[in-house]
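From just these sequences and the hints, can you work out the full model?
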Amino acid sequence: MNTRVAYIAFNTFREAVRDRVLYNLIAFALLLSGAAILVGEISIDIERLVVVNLGLTAVSLFGVVIAIFIGIGLVSKEIDKRTLYTVLSRPVRRWEFVVGKFFGLTGTLVVNTFFMALGVFLALLYVAHKFEKMDVWVLVALYFIVLQFLIVCALSLFFSSFSTPLMAAIFTFASFVIGSLSEDLRGFARMTQGVGGWIATAIAYLVPNFSALNVISQVAHGDPIAGRLILYNTLYALLYSAMAISGAVLIFQRRNLK
Amino acid sequence: MAAIEILDLEKSYLVGFWRKRPKLALRPLRLTIEEGEVFGFLGPNGAGKTTTLKLLMGLVFPTAGSARILGFDIDDPRVKSQIGFLPEQPYFYDHLNARELLNYYAQLSGVPAKGRTARVEQMLARVGLSDSATVQLRKFSKGMLQRVGLAQAILHDPKLVFLDEPMSGLDPMGRREVRDLIQQLRSEGKTVFFSTHILSDAEALCDRVAVIHQGELRGVGAVADLTSQKQGKVEIIFYAQKMPAGLASLGADARVSGDMINAILPEEQQDAALELLRRERIKLISLTPVRSSLEEYYIQKLRPAENRKGAGV
Numbered sequence: 000m001n002t003r004v005a006y007i008a009f010n011t012f013r014e015a016v017r018d019r020v021l022y023n024l025i026a027f028a029l030l031l032s033g034a035a036i037l038v039g040e041i042s043i044d045i046e047r048l049v050v051v052n053l054g055l056t057a058v059s060l061f062g063v064v065i066a067i068f069i070g071i072g073l074v075s076k077e078i079d080k081r082t083l084y085t086v087l088s089r090p091v092r093r094w095e096f097v098v099g100k101f102f103g104l105t106g107t108l109v110v111n112t113f114f115m116a117l118g119v120f121l122a123l124l125y126v127a128h129k130f131e132k133m134d135v136w137v138l139v140a141l142y143f144i145v146l147q148f149l150i151v152c153a154l155s156l157f158f159s160s161f162s163t164p165l166m167a168a169i170f171t172f173a174s175f176v177i178g179s180l181s182e183d184l185r186g187f188a189r190m191t192q193g194v195g196g197w198i199a200t201a202i203a204y205l206v207p208n209f210s211a212l213n214v215i216s217q218v219a220h221g222d223p224i225a226g227r228l229i230l231y232n233t234l235y236a237l238l239y240s241a242m243a244i245s246g247a248v249l250i251f252q253r254r255n256l257k
Numbered sequence: 000m001a002a003i004e005i006l007d008l009e010k011s012y013l014v015g016f017w018r019k020r021p022k023l024a025l026r027p028l029r030l031t032i033e034e035g036e037v038f039g040f041l042g043p044n045g046a047g048k049t050t051t052l053k054l055l056m057g058l059v060f061p062t063a064g065s066a067r068i069l070g071f072d073i074d075d076p077r078v079k080s081q082i083g084f085l086p087e088q089p090y091f092y093d094h095l096n097a098r099e100l101l102n103y104y105a106q107l108s109g110v111p112a113k114g115r116t117a118r119v120e121q122m123l124a125r126v127g128l129s130d131s132a133t134v135q136l137r138k139f140s141k142g143m144l145q146r147v148g149l150a151q152a153i154l155h156d157p158k159l160v161f162l163d164e165p166m167s168g169l170d171p172m173g174r175r176e177v178r179d180l181i182q183q184l185r186s187e188g189k190t191v192f193f194s195t196h197i198l199s200d201a202e203a204l205c206d207r208v209a210v211i212h213q214g215e216l217r218g219v220g221a222v223a224d225l226t227s228q229k230q231g232k233v234e235i236i237f238y239a240q241k242m243p244a245g246l247a248s249l250g251a252d253a254r255v256s257g258d259m260i261n262a263i264l265p266e267e268q269q270d271a272a273l274e275l276l277r278r279e280r281i282k283l284i285s286l287t288p289v290r291s292s293l294e295e296y297y298i299q300k301l302r303p304a305e306n307r308k309g310a311g312v
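Quick note, the sequences are listed as chains Z and E, same order. Residues 0 to 257, numbered by numbering that gives the first Met the number 0, are exactly what the first sequence covers, in order. Residues 0 to 312, numbered by numbering that gives the first Met the number 0, are exactly what the second sequence covers, in order.
Hint data in this document are derived by calculation from the structure and do not stem from the laboratory. Owing to the predicted nature of the structure, the values given are computational and were not obtained by experimental measurement. Check before you lean on any hint, since a few could be wrong.
No farther apart than 25 Å at their CA atoms in a straight line, the calculated lysine-lysine pairs in the DSS-like style are these [said to hold, decoys possible]:
#	chain 1	residue 1	chain 2	residue 2
1	E	K138	Z	K80
2	Z	K76	E	K138
3	Z	K257	E	K22
4	Z	K257	Z	K76
5	E	K138	E	K113
6	Z	K257	Z	K80
7	E	K282	E	K232
8	E	K282	Z	K257
9	Z	K76	E	K141
10	E	K141	Z	K80
11	E	K158	E	K113
12	Z	K257	E	K141
In structure tokens:
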């Protein structure tokens with residue numbers, strides 16, 4: 000990696016780690032994992048299913064909230080506070096700044112996910128008293144959640160490159176919600192004829208396909224995940240994030256920092 | 000070689016919600032700053048000083064014109080490693096302490112890893128922050144932040160330093176320290192381009208100044224020339240309890256201060272005035288020609304064009 004990108008990424012990571020709000024969110028997610036234990040205990044014979052479902056959903060939702068919450072401020076905060084001036088007056092290219100910010104935030108989310116996943120596995124161990132072979136698919140589900148975070152981070156950077164933080168948060172969250180329903184949207188598009196069908200198809204393929212990245216219910220039931228899906232999802236998330244980041248860079252390159 | 004060549008640089012912004020119309024922030028600006036100069040960019044708030052600096056830093060893009068810094072176009076990446084910049088009222092990453100911040104900027108500026116730590120410590124000492132190096136910047140006072148700002152601007156030993164209102168908001172001691180630092184930079188052969196509206200600082204530090212107002216360059220000149228122009232008047236200071244009769248008839252504008260009188264009168268009345276004082280057996284303290292000040296030049300340049308016709312440099 001370009002060293003300046005790495006320095007910016009590390010500084011972004013350090014800033015997020017020193018932000019107290021982040022710890023509140025993580026604590027809340029861990030609390031939810033604890034709640035999963037409680038619910039699991041009163042759910043006879045389906046403890047594992049409840050713990051995995053609730054735990055991974057908590058990891059996913061709180062990770063998305065963190066990604067949006069921090070992601071939308073990554074660039075706009077630097078412009079508002081004028082910290083960007085002393086960075087861009089150095090031999091730092093604008094694309095290096097955006098990409099560094101993206102890597103810093105995704106790094107933060109990977110570390111957060113690690114700790115939250117630890118909470119889920121501890122809860123799982125508590126209700127089942129041992130790990131089973133099928134628990135490995137929980138790791139795959141967590142990997143897909145991280146891929147979701149990549150896309151959400153990239154989208155929040157993209158939207159914040161041309162709109163206010165509030166609007167960027169709304170756009171990103173809306174993309175997440177619509178993207179989570181993208182399979183239904185694609186089904187609807189297939190059934191619709193004419194211009195409406197074209198528009199529905201365009202929207203269905205434009206929004207990120209988060210439903211393909213959501214295998215929580217599947218792994219909660221102990222079903223395996225196909226290797227091909229892992230490969231496709233990885234390529235899809237990387238390509239989608241790269242496109243969103245490229246868009247953010249293109250806009251940011253031309254932006255006047257008033 | 001010129002350190003900065005500004006060639007008809009112009010900037011306008013689109014304003015308005017529905018019907019966007021251009022608002023001129025900087026009219027075509029042509030200016031050359033030589034290497035080793037301390038150059039003052041003077042003007043009231045909103046004159047276009049910060050816009051000019053942002054254009055030179057590549058933070059905003061010009062509507063027209065171009066500029067060259069140290070022989071390179073402003074968008075040439077090689078420029079950035081040779082310049083330092085202190086923005087107006089700087090704000091830094093407040094999750095970092097001063098040492099971490101300077102280390103981060105040193106990394107971004109390409110200061111080699113070997114010797115980076117030593118360079119950071121040297122800068123902290125130079126701006127008097129060695130004892131506060133581990134305190135988070137959110138706990139810093141405005142003066143301390145300004146010192147960090149100066150340290151980050153000169154951290155990588157740039158040839159050219161841009162300072163946007165470096166004395167603004169500082170107490171007299173802080174201003175003195177910034178003045179000393181600019182003088183040190185001059186003695187090291189650096190070029191310093193700084194914007195200010197504090198004229199006494201500009202008069203004390205600058206080799207040349209430019210006055211900008213409403214986005215338009217109103218004048219450029221060497222401080223020594225501007226402040227040495229005689230005004231055709233002399234100032235006479237002498238001991239007396241009351242105004243000697245006859246001095247007023249020589250066109251003197253006098254002011255009594257304790258047992259001293261300070262009178263300003265036309266140069267051609269100088270001999271007559273001295274003769275009058277001798278006759279009255281009044282002890283003379285001093286006689287000096289009245290010279291123009293930077294403030295007079297500045298105010299004259301800020302006046303509307305019709306009132307400036309035929310005026311100075």
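Structure versus earlier hints - violations, ascending order: 5, 8
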